[in-house]
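Enquirer: Based on the sequences and whatever the hints tell you, model everything.
Protein chains: 4
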Amino acid sequence: MSTFGTLFKVTTYGESHCKSVGCIVDGVPPNMSLTEEDIQPQLSRRRPGQSKLSTPRNEKDRVYIQSGTEFGKTLGTPIGMLVLNENQRPKDYSEMAKYPRPSHADYTYIEKYGIKASSGGGRASARETIGRVAAGAIAEKFLKQANNVEIVAFVSGVGECQLDRSSQNPEFMELLQNITRETVDAAGPIRCPIPDKAEKMTKIVEDYKAQNDSIGGIVTCVVRNVPIGLGEPAFDKLEAMLAHAMLSIPATKGFEIGSGFAGTAIPGSKHNDPFIMKNGHLGTTTNNSGGIQGGISNGENIYFSVAFKSPATISKPQSTATYDGKDGTLEAKGRHDPNVVPRAVPIVEAMTALALADSYLIQKSRESTFNLVH
Amino acid sequence: MSTFGTLFKVTTYGESHCKSVGCIVDGVPPNMSLTEEDIQPQLSRRRPGQSKLSTPRNEKDRVYIQSGTEFGKTLGTPIGMLVLNENQRPKDYSEMAKYPRPSHADYTYIEKYGIKASSGGGRASARETIGRVAAGAIAEKFLKQANNVEIVAFVSGVGECQLDRSSQNPEFMELLQNITRETVDAAGPIRCPIPDKAEKMTKIVEDYKAQNDSIGGIVTCVVRNVPIGLGEPAFDKLEAMLAHAMLSIPATKGFEIGSGFAGTAIPGSKHNDPFIMKNGHLGTTTNNSGGIQGGISNGENIYFSVAFKSPATISKPQSTATYDGKDGTLEAKGRHDPNVVPRAVPIVEAMTALALADSYLIQKSRESTFNLVH
Amino acid sequence: MSTFGTLFKVTTYGESHCKSVGCIVDGVPPNMSLTEEDIQPQLSRRRPGQSKLSTPRNEKDRVYIQSGTEFGKTLGTPIGMLVLNENQRPKDYSEMAKYPRPSHADYTYIEKYGIKASSGGGRASARETIGRVAAGAIAEKFLKQANNVEIVAFVSGVGECQLDRSSQNPEFMELLQNITRETVDAAGPIRCPIPDKAEKMTKIVEDYKAQNDSIGGIVTCVVRNVPIGLGEPAFDKLEAMLAHAMLSIPATKGFEIGSGFAGTAIPGSKHNDPFIMKNGHLGTTTNNSGGIQGGISNGENIYFSVAFKSPATISKPQSTATYDGKDGTLEAKGRHDPNVVPRAVPIVEAMTALALADSYLIQKSRESTFNLVH
Amino acid sequence: MSTFGTLFKVTTYGESHCKSVGCIVDGVPPNMSLTEEDIQPQLSRRRPGQSKLSTPRNEKDRVYIQSGTEFGKTLGTPIGMLVLNENQRPKDYSEMAKYPRPSHADYTYIEKYGIKASSGGGRASARETIGRVAAGAIAEKFLKQANNVEIVAFVSGVGECQLDRSSQNPEFMELLQNITRETVDAAGPIRCPIPDKAEKMTKIVEDYKAQNDSIGGIVTCVVRNVPIGLGEPAFDKLEAMLAHAMLSIPATKGFEIGSGFAGTAIPGSKHNDPFIMKNGHLGTTTNNSGGIQGGISNGENIYFSVAFKSPATISKPQSTATYDGKDGTLEAKGRHDPNVVPRAVPIVEAMTALALADSYLIQKSRESTFNLVH
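Protein chains in written order, with this note's numbering: chain A, -16 to 357; chain B, -16 to 357; chain C, -16 to 357; chain D, -16 to 357.
Since the hints were made in silico from the structure, they are not lab data. Please note that a few of the clues may not be correct.
No distinction is drawn between identical chains; accordingly, a pair holds when it is met within one copy or between any pair of copies.
[Said to hold, decoys possible] Below 25 Å or equal to it, Euclidean Cα-Cα: the simulated DSS-like pairs (lysine-lysine) are:
no.	residue 1	residue 2
1	K99	K127
2	K309	K261
3	K183	K299
4	K316	K43
5	K43	K2
6	K186	K253
7	K99	K2
8	K81	K261
9	K56	K99
10	K124	K56
Expert: Following this line, the structure appears as structure tokens:
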């Protein structure tokens, strides 16, 4: 339900119009340095109102740690965190109250719970992801300290403008090897690190915004320095945990890892990643697998892409039925994100970190037994 | 690890070269008629050796219910099931023992566990899926009785030959509305229901087989008559559970639901599914959402596609390193599936049924409280 | 770890000296009326400083709902709650810092986590139970509305003074049938409803307090109107969930249900509870079973007792070793509870409610299938 | 439901009258030597028909490993195990079919599931514990290899005849330090290691048997060489996991650890266990705590006792109602255990091992991070 993970476990609470949103992160290793300063940067990257490409609701989104640290160190106990909601009562949404927004959660929420939240979609709110991003920042810090794990997501597609994400495109593979959050953010608010593509993508978003419409996009994420051995065979393969994590982000419609859908047309003789000795371990010369084989990380870069649909709330008039089933026209008031992928970047990074930190702790437990049994 | 689900819960055991493979299915509703005859058909559809398109290992794969039923009815207690392994000791694999097969689980398995299973990939074995298919058949029977839920998967792509899977292609939407398992199987062993496409796909597989190579493909699955309200907001959105389920199947590289990756280029004004009154409930006129909005089923058809890479084990010689890191050439002995997607069809159906049955029982619990509280 | 429950699920955070303590309650049925006024009374009953029998730290312990309700109704989404800590930095404890308190969590905490929390025992703090009591109040309200379930705990023993808790003592069985929270609290701060026993118990506590010592006691809890059918056979028998819940409360040393330890000496012919028709259902004429048979509630009163040891922190000098292993004498400064059982009463009630609400939702899911399958 | 544990996880299946009973044990460390010979001894100790004190159904209860081992070593993959049922159809029970047996699970089972199993209590069958004992034997072997953990249970009470189990009785503490399974079994079928007590207990059982009646008893269990640091604060305290494990065993009515219920009358100044340096770690001079403080193991012996009621199925005539609510007299046919505690000994040991192995793996994961973070 609202909990993710087995040993590194996050539970979130909150929706758009309540007092605060937040989370409890359980299983954080003790004795790790941690303050709000480690968490705020990703929350600020997630925040709306960062540029004219996103909604102007200027929430400050400042995080407050409630428990689990002392003198700047984690205690090993659960870390409670919260971010205040500033807009606790809906205004812009009120006129739309007769209509369930098409392709939004308004209708399914009311059918599932038998009650209508004033925010419409209830927990299917972008604000729910604040708790995830806060928790993910802790997971990420742990992975960085533990194995120098680097997680970088970026926008690889907006509308028709897409990078060539082929696992057989050497330039893309090189991009994955070198990209950093700094280069992603330096490229401007669209968070695509290829300048001419970034420019085109920005133009696309602006055009749809001008039409009171919206457009979707793709976020790609790479993880470097993942230790070999993460992921559990059968149901909890590492790619299955990542797919679960990604499709739990609002507005996602797809996930592909390594060669992905395009890879289905590459014959085995080209798709197989040959082994070669690298730094005392076997590595592979190509990486169509996306860093995972048989559900278990192989030490190569893990990379995957996530499809985000165009945002459902648009100001453009839409013919659709009211809750009562009467035909009508919905014109959503207020200002809405014409595109969510730049803001989705830190959310993808957070969910990646959460899935990996959990897998890491589970595998560490197993490895700890290697010298104990015979 | 080896358990999937919260209320409808399956736990599997077994790998290629042990005595049996099987599962325990916990949480099956009591008083449902159930015998081996309900389970065997899907196991037979999963079995290798059904045609020249798949590996000739002719395992009989007969299932034996051990517990949880009496006089042909479920007791509500866990259902133990097993299928004997006939080939308990590897032969064909022995010469390959020096090499970890590229893009197979051999290497990651040994790194994860610190021990080499004679089957190489250990649990990353196609035989592990037997327990899933057996459990899925029970889940499916329950969903059918409870809400007339219909789950049909089929091959929508092999290599370069793919159906137009666009959510905006009316023919594809109609196919999803009408397809049955009978029409899927009637189309021949490739399990693609469009005859000319099926013929091309078959040819592609045969060509790669002739070259001792392999090729990947895509399986699409549609679920009809899903009740409104399944799926939990936040981490356990219905699409997240389905993505988890699908990416846990061996050899999968991608998942997309509804409009999927292509949908990212459709603007909101076209992508949004307008509401309309249908049979006393709101329904939608289009279905780019794939039957899920805000993580919750909306009563429309759920459909999604799963990418399967080309099988890793090929007889064609491959330059790759030995476990010791020495360069060499691996020529896999034995006969291997040149393509897995037709056999993946019942596995996709099974995992779909398991994810849905669990979501269904969780939502039924919630609904049962609607008249209790005030 | 810090999460309890499957469908009705609480996760807590916080320790003695952090900003706040609190919890997230997931799975609360939607549309139930709920405000802070439903939760505060049990928190106030749990609060220290209610009488001269307990520690004078006068914390106000006011609860703030953060999410999951709107206009006084639950939304079905997670309910975040917090209570501020007023004493965020330890003072009284500072001089004791050289010594792990005997029979307290100071030493095991530091060994488990490799870090010393300034509060000593970290999460093994009585303040951690605030989140449980807040969550339990919600569970209790749900059970009351759903089935008129009544949960009443009381003090049945302090030191040598104990009620005759035998399942074959008709007076005790009658007490269980009639006792209410009002009669428990009316009996004075010791929360034993038998006046002369209450007086003796009070005297015992005062005597130990005067000696700077402490004493233990027993809390008995009865639950009336439990529906038949709660509890899962095998590992999650209802008594197993209750035992888990009770032994998770700080300072507990034992749990017994129905006839308990004394019942081991009653032969089957007297211990068995004969069936008789009651209000259209089978009931039993005696209740040695404590309302549960085969792990499943049978509709009779559930009752059990919980043993609480004497509090570990006492001002009386104790010969014990420092963290460094040097012999010395610890004299705990500050004022400490000489006895915890009166304050444990609402905690026992809360954990009981949490275990039952979860079992109830799980069974409701099963029952919802009875008319669906055939 | 039928699964216990987080990292070391067992799932069981089976009841009295199905083909087999068994389990899947997931999370067993790889590379540990394991064959049926490691498992059979405890199953044989659990088996009925070992002496005239127990039921004469002479089941052979031979265990067959299905998966997860190769060449006598664990693979790290799930271990499937099964034991065939020989008596698949009930006979003796048939005449009793009109009556739910008092204090047995017959009635609650039918109310919970809405179907009547021919065995009456369904999963509330002693045979369900076979899977637990098999799994426990693996857990125990792991703990023995990992930390030389020793788990020994024994009968400490039958009817009115009980050992003085006080935590302040030096003889009892010494018994806990020295007792072995060999000395337990050497004492005769009653499994009480004090000869004169064993004789009295045997006499008590024989007397009740002669009267077609039954009697209860107490099993005490000690665990030596438990590493410091096991158990999670808050809900999953080590004593809470043990209490859960013990109360999940059929026929149990109570659990107490360390000083237990009697300890509630010992003042803090005597109950607190003073620290002293022992072998480079702090230890305690007394052990009223039972080896756990604040929910975390402290390295001292863990010991606890479990109350078992008198068996519900007796041949002595009982006045009770039929399923239809008509008054009548039930005379159970067949031969039934007049007392279960000797056979419960290996079950208590198994559940102890399962709870500890899981806690151990969880703590090992945490400890593995100590040198990784800063």
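Enquirer: Could you run down the list of hints and mark each one as holding or not?
Expert: Tested hints:
| no. | hint | result |
| --- | --- | --- |
| 1 | K99 with K127 | between (42 Å within a copy, 24 Å between copies) |
| 2 | K309 with K261 | between (65 Å within a copy, 11 Å between copies) |
| 3 | K183 with K299 | within (23 Å within a copy, 44 Å between copies) |
| 4 | K316 with K43 | within (22 Å within a copy, 44 Å between copies) |
| 5 | K43 with K2 | both (14 Å within a copy, 21 Å between copies) |
| 6 | K186 with K253 | between (37 Å within a copy, 19 Å between copies) |
| 7 | K99 with K2 | within (18 Å within a copy, 33 Å between copies) |
| 8 | K81 with K261 | between (62 Å within a copy, 18 Å between copies) |
| 9 | K56 with K99 | between (42 Å within a copy, 10 Å between copies) |
| 10 | K124 with K56 | within (12 Å within a copy, 37 Å between copies) |
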